[in-house]
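Asker: Chains F and Y, in that order, give the protein sequences.
Per this note's numbering, numbering of the first sequence is gapless, rising by one per residue and ending at 113.
Per this note's numbering, numbering of the second sequence is gapless, rising by one per residue and ending at 226.
Since the hints were derived computationally from the structure, they do not count as laboratory data.
Being a predicted model, the structure only gives us computed values, none of them experimental.
We put the CB at the ideal spot given by N, CA and C, even for glycine.
Hints may be right or wrong, so weigh each one.
As the list claims (entries may be wrong) - Covered stretches of chain Y (in silico footprint by chain F; criterion: 3 or more residues with CB under 8 Å from a CB of chain F, positions within the stretch not fixed):
1) 139-145
2) 163-176
3) 195-209
4) 218-226
To be verified - Under the rule of at most 27 Å between Cα atoms (straight-line distance), these lysine-lysine pairs were calculated in the BS3-like manner:
5) F/Lys61 <-> Y/Lys170
6) Y/Lys127 <-> Y/Lys184
7) F/Lys105 <-> Y/Lys183
8) Y/Lys170 <-> Y/Lys127
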Amino acid sequence: AQSVTQPDIHITVSEGASLELRCNYSYGATPYLFWYVQSPGQGLQLLLKYFSGDTLVQGIKGFEAEFKRSQSSFNLRKPSVHWSDAAEYFCAVGAVAGYALNFGKGTSLLVTP
Amino acid sequence: NAGVTQTPKFRVLKTGQSMTLLCAQDMNHEYMYWYRQDPGMGLRLIHYSVGEGTTAKGEVPDGYNVSRLKKQNFLLGLESAAPSQTSVYFCATAEQGRNQPQHFGDGTRLSIL
């Protein structure tokens, strides 16, 4: 079955520093991969997605992610973090059944001044 | 344009009571999903629907029932609430296709005492 692992439960970065959130997937074929962000008390918002083509994908809010098949990874990056980026980040892989999403357990990002 | 609307936003139930959560969408999407979010667990799929009149079980369907009588509405029912069903419930919708992103409501926070 398709699954994702987010190794980091919590990450703290200083405002203005770069950010990388890790995501590893398990799937035999080419996966359909997504990154979502959840602000406190809110639903999930799509940051970016990948299923084919250029392995470096650009998303909203200055985020990008790189698909690396050899490492089974889809890490999310941002060059300079803003305080408003503090949120929960979820990596997900698209399932076959019903095109549902299998989510990782999430990474909570704290941004310090 | 409301997108995906969930009602109610908050609810407290006693063990054994029943209730129905409503998800309404105005995007004319075929696919609808119910997830639950628990601390440290990410989001897990409860049930989903690939069109009006259809439903299917997800990863954690026990104790829940669903109905999709109208394309725009997806109802999640708890027949006899249990404390283990205390959670935040999210509805999501998507167009047909594995590469289509899901659009989420703001969630329903449910507490079972």
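Asker: Each of the hints needs a verdict: does it hold here or not?
Answerer: Structure-based check of each hint:
1. 139-145: Since three or more residues must qualify, the claim that chain F covers the stretch 139-145 of chain Y is violated, with 1 doing so at under 8 Å.
2. 163-176: holds (count 3)
3. 195-209: With 4 residues close enough to chain F, the hint holds.
4. 218-226: With 3 residues closer than 8 Å to chain F, the stretch 218-226 of chain Y meets the three-residue bar; holds.
5. F/Lys61 <-> Y/Lys170: Not OK: F/Lys61 and Y/Lys170 at ~35 Å, beyond 27 Å, violated.
6. Y/Lys127 <-> Y/Lys184: 31 Å, violated
7. F/Lys105 <-> Y/Lys183: 32 Å, violated
8. Y/Lys170 <-> Y/Lys127: 25 Å, holds
Comparing the model with each earlier hint shows violations of hints 1, 5, 6 and 7; every other hint is respected.
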